[in-house]
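Asks: Letter by letter, the chains look like this.
Protein chains: 2
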Amino acid sequence: MPLLVMKFGGTSVATLDRIRRAAKRVGREVANGYDVIVIVSAMSGETNKLVGFVEETGPFYDAREYDAVVSSGENVTAGLMALTLQEMEVPARSWQGWQVPLLTTDAHASARIEEIPTANLNAKFGEGMRVAVVAGFQGISPEGRITTLGRGGSDTTAVAFAAAFGAERCDIYTDVDGVYTTDPRITTKARKLDRIAFEEMLELASLGAKVLQTRSVELAMRYKVRLRVLSSFEEPSDDAGTLVCPEEEIMESNVVAGVAYSRDEAKMTLQSVEDRPGIAAAIFGPLAEAGVNVDMIVQNISDGGITDMTFSCPVGEVARAEKAMDDAKAAGDISFASLIADKDVAKVSIVGIGMRSHAGVAAKMFQTLRDEGVNIKVITTSEIKVSVLIDRKYMELAVQALHDAFELEKAA
Amino acid sequence: MPLLVMKFGGTSVATLDRIRRAAKRVGREVANGYDVIVIVSAMSGETNKLVGFVEETGPFYDAREYDAVVSSGENVTAGLMALTLQEMEVPARSWQGWQVPLLTTDAHASARIEEIPTANLNAKFGEGMRVAVVAGFQGISPEGRITTLGRGGSDTTAVAFAAAFGAERCDIYTDVDGVYTTDPRITTKARKLDRIAFEEMLELASLGAKVLQTRSVELAMRYKVRLRVLSSFEEPSDDAGTLVCPEEEIMESNVVAGVAYSRDEAKMTLQSVEDRPGIAAAIFGPLAEAGVNVDMIVQNISDGGITDMTFSCPVGEVARAEKAMDDAKAAGDISFASLIADKDVAKVSIVGIGMRSHAGVAAKMFQTLRDEGVNIKVITTSEIKVSVLIDRKYMELAVQALHDAFELEKAA
Chain A
1 MPLLVMKFGG
11 TSVATLDRIR
21 RAAKRVGREV
31 ANGYDVIVIV
41 SAMSGETNKL
51 VGFVEETGPF
61 YDAREYDAVV
71 SSGENVTAGL
81 MALTLQEMEV
91 PARSWQGWQV
101 PLLTTDAHAS
111 ARIEEIPTAN
121 LNAKFGEGMR
131 VAVVAGFQGI
141 SPEGRITTLG
151 RGGSDTTAVA
161 FAAAFGAERC
171 DIYTDVDGVY
181 TTDPRITTKA
191 RKLDRIAFEE
201 MLELASLGAK
211 VLQTRSVELA
221 MRYKVRLRVL
231 SSFEEPSDDA
241 GTLVCPEEEI
251 MESNVVAGVA
261 YSRDEAKMTL
271 QSVEDRPGIA
281 AAIFGPLAEA
291 GVNVDMIVQN
301 ISDGGITDMT
311 FSCPVGEVAR
321 AEKAMDDAKA
331 AGDISFASLI
341 ADKDVAKVSI
351 VGIGMRSHAG
361 VAAKMFQTLR
371 DEGVNIKVIT
381 TSEIKVSVLI
391 DRKYMELAVQ
401 ALHDAFELEK
411 AA
Chain B
1 MPLLVMKFGG
11 TSVATLDRIR
21 RAAKRVGREV
31 ANGYDVIVIV
41 SAMSGETNKL
51 VGFVEETGPF
61 YDAREYDAVV
71 SSGENVTAGL
81 MALTLQEMEV
91 PARSWQGWQV
101 PLLTTDAHAS
111 ARIEEIPTAN
121 LNAKFGEGMR
131 VAVVAGFQGI
141 SPEGRITTLG
151 RGGSDTTAVA
161 FAAAFGAERC
171 DIYTDVDGVY
181 TTDPRITTKA
191 RKLDRIAFEE
201 MLELASLGAK
211 VLQTRSVELA
221 MRYKVRLRVL
231 SSFEEPSDDA
241 GTLVCPEEEI
251 MESNVVAGVA
261 YSRDEAKMTL
271 QSVEDRPGIA
281 AAIFGPLAEA
291 GVNVDMIVQN
301 ISDGGITDMT
311 FSCPVGEVAR
321 AEKAMDDAKA
331 AGDISFASLI
341 ADKDVAKVSI
351 VGIGMRSHAG
361 VAAKMFQTLR
371 DEGVNIKVIT
381 TSEIKVSVLI
391 DRKYMELAVQ
401 ALHDAFELEK
411 AA
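Each protein sequence line maps, in turn, to chains A and B.
Each residue of the first sequence is one higher than the last, beginning at 1 in full-length UniProt numbering.
Each residue of the second sequence is one higher than the last, beginning at 1 in full-length UniProt numbering.
Simulated from the structure, these hints should not be mistaken for laboratory data.
Watch out, some of these pointers could steer you wrong.
Pairs involving identical chains hold if they fit within one copy or between any two copies, as the list cannot separate such chains.
[To be verified] Distance condition first, Cα-Cα at most 20 Å in a straight line; then the derived SDA-like pairs of lysine to any residue: (1) LYS124 / ARG145; (2) LYS224 / ALA290; (3) LYS49 / ALA14; (4) LYS24 / GLU56; (5) LYS49 / ASN300; (6) LYS24 / PRO59; (7) LYS124 / GLY144; (8) LYS189 / GLY52; (9) LYS410 / ASP177; (10) LYS124 / ALA63; (11) LYS24 / ASP238; (12) LYS410 / GLU87; (13) LYS24 / PHE60; (14) LYS124 / HIS108.
Construct the complete structure from the given sequences, taking the supplied hints into account.
Replies: Structure, rendered in structure tokens:
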């Protein structure tokens, strides 16, 4: 029988009424002839409550016990979803991570999935089970202890199951109805995309569109799992949501798929750095060790062995970056005249696989921003994206202008 | 190293502060040189919340899913207790039922313990673990699904661990400070017992003294596990609580150990029953099938092949009993003139292993009640107990008078 994976996040299973609504969607796919693996999160608020308990026990807690406590929220939802499906006469049962088993590394609280043997679930599908309700976010370590997968773990669980069981599709039910050309709160012209390529979604996810966790998109891309993002609060329909898929499946597309932004960036400039081989490592090594997430890097042309080095990072990490640079200077590892932090910048990016075959996309972006009087502070590009750092006050204007310039309100 | 089992009920782990207090008691025993197995219940209120969720999904729920959901409360407490002990620098880890493993039958929601292999825990004790915190009330079925043990399951878990690991003692921490000669709310002369024999405790537990679950006392008696009942809200001391132990360990004891009562009883009389071989089976078979817990039974002397049959049951089961008898009469299985239900009776019992070697105990009980003008409706006796059914309005008077007559306020 063809198989679907359906994942419901915390807000989609927050109450028994919502669990019932989600179960109806599952029942609809079973009636359509699918076997279904349902991945559930904890009822919203539950995981935070459990994390709070753990943190209250002390500051340096054992991640193994953290996992044992925090994973229990998903177990509750899995059982309740199975019961609700049974009440609708859909043959269902719940599975905890260790029962599947979902085998992970022993990196507690942020474990990686190693393997999902399919024998146990397939045996039960063979005996007439139509729905396996799996507690998301959790697995079992080689030592037999419960692990959790860390941030975005339930999305990742869903994609991993879809890959292991060869599912036709992996539907991620959330509280937004799909992926948009940009944030609808910034321009009402934002349009929901019917399809988006994995590579585009990956750039959008890591650029701040909080629909899907980067990790789950990477996994979907690697195993070519077709992902659909859709809202559990809308009426079911066959073309609901956004399909994230290999680019071959997208016949026509705009050159630019979307405009992403990241509001709280900082631009850091090290002035009068001694330019010598290994200087980049001497700067960015200590920053990485200090936990500073450096994003864009620009080095000015050297003038007499002296240069300026500019990088961007989240504004919340400026203090850490300053301390790391001062320490490196004090230790004699680098020399610079001063470190200037500009905390009032934002990043705006255009993303699209069409850029690969279309010249002039970056130029059109720069021209659009110039026409609006927006000064560009830093530029970085990849094959399918162009990002610029600008003054934060122009961010919304820039997003709107780029959305208009590339006519993203129109479908291809 | 000598080993103790310590069990903390729901009120003893209701908050993180209380978990900390319980952990301190555990730490004290570790400092005394014991390895400890701690059995925990869910934080009070949690299990009821989860049961409520399950019941909301529908009236005929799958007991396997019920178990998967309801068992999660104990997992949370086990992890939090392990973390709290670690914070106090006591080497501890949590164990869920399937990790131990605690092997049970597949009678979900009321499973029986089959075996507790000791290898896993003992290996960790050998590696330096001093405390194993075990989630109570749960185990794993032969099919690998989570089971729960039903009412009193956590006490039973504790006793079973004490038996399997040859523990020196099993301490049951609860919200009362021990077993009393009678309910202190009925007479201020009620005295806490230092020791009580298993057989006595069993009679007291099943007669309504709600300190320990009958099932756990039976298990303790079978495996000679010394049980101590004590309060987690009192300062620790070596002679706290009540020790439930083999009668050989009780040097001196009163003839009567305690006076128990059960308030909500009903006395049912079948009048003019045809007295023939098999009539008792014809009456009590249907009652058992209807789920009526028949306690005392008295049959009058037969007069011309016609007799009266009297039995007692909880007052809440009277309607069921009436229906079962009417149905049996309609089916022609029994014949009787009428069924009279007296819903205003209570049961009062005296219990003590000393009765075996002392004559006249029952006579003294009857005389005491007569002197108070209390009419006895039904009497039953066993080797170590005498029970009477009386009008409910005399219940407190009867308990007080018997407590005085047998001088239970004085230690032996």
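Asks: I'd like to know which numbered hints this structure contradicts. Please list them from smallest to largest.
Replies: 2, 5, 8, 12
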